[in-house]
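Visitor: Just need the whole structure built from these sequences, with the hints factored in.
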Amino acid sequence: MAGGIAARERPGARPPIYGFGEKRNAPDLPGGVAVQIPKNLCPLLFRKPIAAVGPTDSSAPLPPPLRGTNSGAFTRRTIAARWPRIAGRVIADNDFPDPINARIQALRDALPDGSIRRLRDDEAPDAALWGEYVAPHLGKTWLEVPWFFGETYFYRRLLEATGYFRAGAGRQADPFTDQKEQGLAHTEARIEALAQRRSRAREEGDETRSVLTRLLRSALWGNQADLSMWTADEEGPGHRHSEQAEEHLLVDDTPAALAQLEGRDRPARVDVWADNAGFELVSDLALVDGLLAAEAVGQVTVHLKAHPTFVSDATVDDVHATLATLADADEAAVRALVGRLRRALAAGRLRLRDGWVWTSPLRARELPAPVRAEMARADLLISKGDANYRRLLGDRQWAFTTPFAEASAPLPVPVLALRTHKSEVAAGLSAAQVDRLDDEEPDWAVNGEWGVMQFAPADASPEAMRPSPAA
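Heads up: the sequence shown begins at 829 in the working numbering, then just goes up one per residue.
Hints are supplied without guarantee of correctness; some may be wrong.
Here are the in silico distance ranges between beta carbons for each label pair [claimed, not checked]:
hint, residue 1, residue 2, range
1, Pro964, Arg999, 26 to 34 Å
2, Gln1072, Arg1163, 27 to 35 Å
3, Arg913, Arg1294, 15 to 23 Å
It is worth saying that the hints were derived from the structure and are not from the lab.
Glycine residues also receive a C-beta, built at the ideal position from the N, C-alpha and C atoms.
Guide: Quick look at the structure:
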């Protein structure tokens, strides 16, 4: 594919598509339509301590969160080995000046036994929020803090080290650009095949439910592409054919989710918590295209990260860059897909939203009330990926046989979670499934080969509209 991501300038030289209070031409809209970007960059910026809202009425104890101190756990290997490797890759992939590289190396050296400290980029728009998040963990080691906090904090510390929010060589420079570019380039054939299937489905007038079922499957297995687990030049997990993929699907609640879009007296709104850039983002955009083609759906809102994190997590910038790349594809079906998505953006049927909450350590039970109120406007939430799944379940040590709707946070919207297993957090499985997998494939919970499509209905209780304090 010519142009697009591959043609972008090196880190530090390219201005952000979404800057601070600037008026820019959005590159994904026909004719370069001018849009006003709010000064706080992201619409979900909340300055008050979450705990001040008060606890929920529920007194049932929750399982403890995962930590690096869990004996022999994947979490410890992540902190002690994967994170230092990721930081080293940032040094190798970017032409940052020596002072930036020294700060990144200092972060590497602090893993896993160094102490949690406050961030030192007070000029960052999220600095006050992170002051609140870090306070309960000051002085603890990386292994002692809850893993979800530690992981989001690690990536935020990387941006502190690169000077992402400061004037200088690292300002607004995505330190993972190289890996994202490679991840997209290596999947050109898969992208073409996906776009061709979309074109055939439109031409042949396939039944809506079957189309959406296939697209949801594609979006699920697209989640196997995760650069925080496997670099772009490594061979990650994958299934050779659809039959093998079906054999690795542990739970399929698709019918219950699609039922939320049917029989309504108005077009539905679907929200998507996006995960990775690259092929997964393309598969998500194909799903969006299919949803918008369904008469039952009037609008899709995709929620993205406010800044680079988890190596390949998608930002609004990544969506724009991906569309620009695909617009130059040789395959007509790919260009047609881009055209439909751009028209949907221009018409307001497809909305891209980013927010600090999605790069924060807040788990779903702790999401602020304004976020919940916005969620309640949707008729279905599709949660993509492992980190969002961990957010839903609080990254806690649930028994894997706990019903998904019980383990998932109470939210005012029906949720369909599409997730391939890359961490030791799970729910909604049968005892027979867990026993078989433990016997036959000991690393099944973390190898990315096994997937779930799990549904939880909306919670109509008052607890769903207010956060509970962190624990």
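Visitor: Which hints, by number, does the structure contradict?
Guide: Violated hint (a single one): 3; every other hint is consistent with the structure.
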